[in-house]
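**Student:** Residues 1 to 262 in full-length UniProt numbering are what the sequence shown spells out, letter by letter.
If you are wondering where the hints come from, they were derived from the structure by calculation, not from laboratory data. Small disclaimer: the values here were computed from a predicted structure and weren't measured. Fair warning: there could be bad hints in the mix.
[Said to hold, decoys possible] Quick list of the computed label-pair ranges, beta carbon to beta carbon: (1) S124 x V234: 21 to 31 Å; (2) S258 x G64: 39 to 49 Å; (3) K106 x E224: 11 to 21 Å.
[To be verified] Listed below are the simulated DSSO-like cross-link pairs for lysine-lysine, each with C-alpha atoms no more than 30 Å apart in a straight line: (4) K106 x K216; (5) K220 x K106; (6) K106 x K3; (7) K85 x K37; (8) K85 x K132; (9) K106 x K37; (10) K37 x K132; (11) K37 x K216; (12) K220 x K253.
For each residue, glycine too, the CB sits at the ideal point set by N, CA and C.
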Amino acid sequence: MMKGALIGRGRLAEVYAWGDDQALKLFYQGRSSTWVKNEASLSRIAFETGVNTPAVGEVIEVEGRHGILFERVDGIPMLAEMSAKPWILIRAARILAEEHASMHEKTVHNLPTQRQLMEQSILSASALSPAKQEAAINAVRQLPTGNKLCHGDFHPDNILMSTRGAVTIDWTTANMGNPLADLARSSLILQLGDLPPGTPAMTRRMVSAGRGLFHKTYLKHYFELRPENQEQFVAWWTPTVAARLGDGIPEEKEQLLSLLAL
């Protein structure tokens, strides 16, 4: 079968229509079959918890690139929806909080541990001195672990607004752990995260203008839905910043380092 029309493009892959009711997430050259099969497994585990996410099909190879077939969802990313309709910003922030809070009710046992992934990311942060890496890892180890479903990259561009509600996609960094650490990571992304390549200038201006209000609304509604220890949430901030540095996103490096210097 030939891939159909291009649906979307991200940092790791392009998404194409496939047949009548599937979508092909086709990874760029350099992503191994093992890596792609692992993402398919993570996505399948997330689907089996009952969260609103596309069903997972088989892993295939197309034009020398590895890809995953998913159930096709007719919808557009929340970020694009807000760009087209800026007046929905507050409602969208509340929806994001509701989806995140609902996800964090799911218990899992067969995903990578959050602590392990954070420590790996911190050790990958070459901009940090060994002493700062050690301090960040010690902070992670002193905070409670957990076994709740965590996304690891939960933000408006990974939510599809569809007729079946808000659908979460891209489980590349799925893990089991403490919801507050996952919340801290999303909080950081919402405040500092760079937009995907090719994002229209209008969307960039909209995000810049509304970022603060969106973030504040999202956090407030999340804590309304899941009253949690907000002091512990704050304690996750420093190791989360250190781990984000390990992601190696050049546009964020200076901002992240300045946060660690505070």
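**Student:** Each of the hints needs a verdict: does it hold here or not?
**Tutor:** Hint-by-hint comparison with the structure:
no.	hint	verdict
1	S124 x V234: 21 to 31 Å	24 Å, holds
2	S258 x G64: 39 to 49 Å	41 Å, holds
3	K106 x E224: 11 to 21 Å	19 Å, holds
4	K106 x K216	24 Å, holds
5	K220 x K106	21 Å, holds
6	K106 x K3	34 Å, violated
7	K85 x K37	36 Å, violated
8	K85 x K132	42 Å, violated
9	K106 x K37	23 Å, holds
10	K37 x K132	34 Å, violated
11	K37 x K216	37 Å, violated
12	K220 x K253	27 Å, holds
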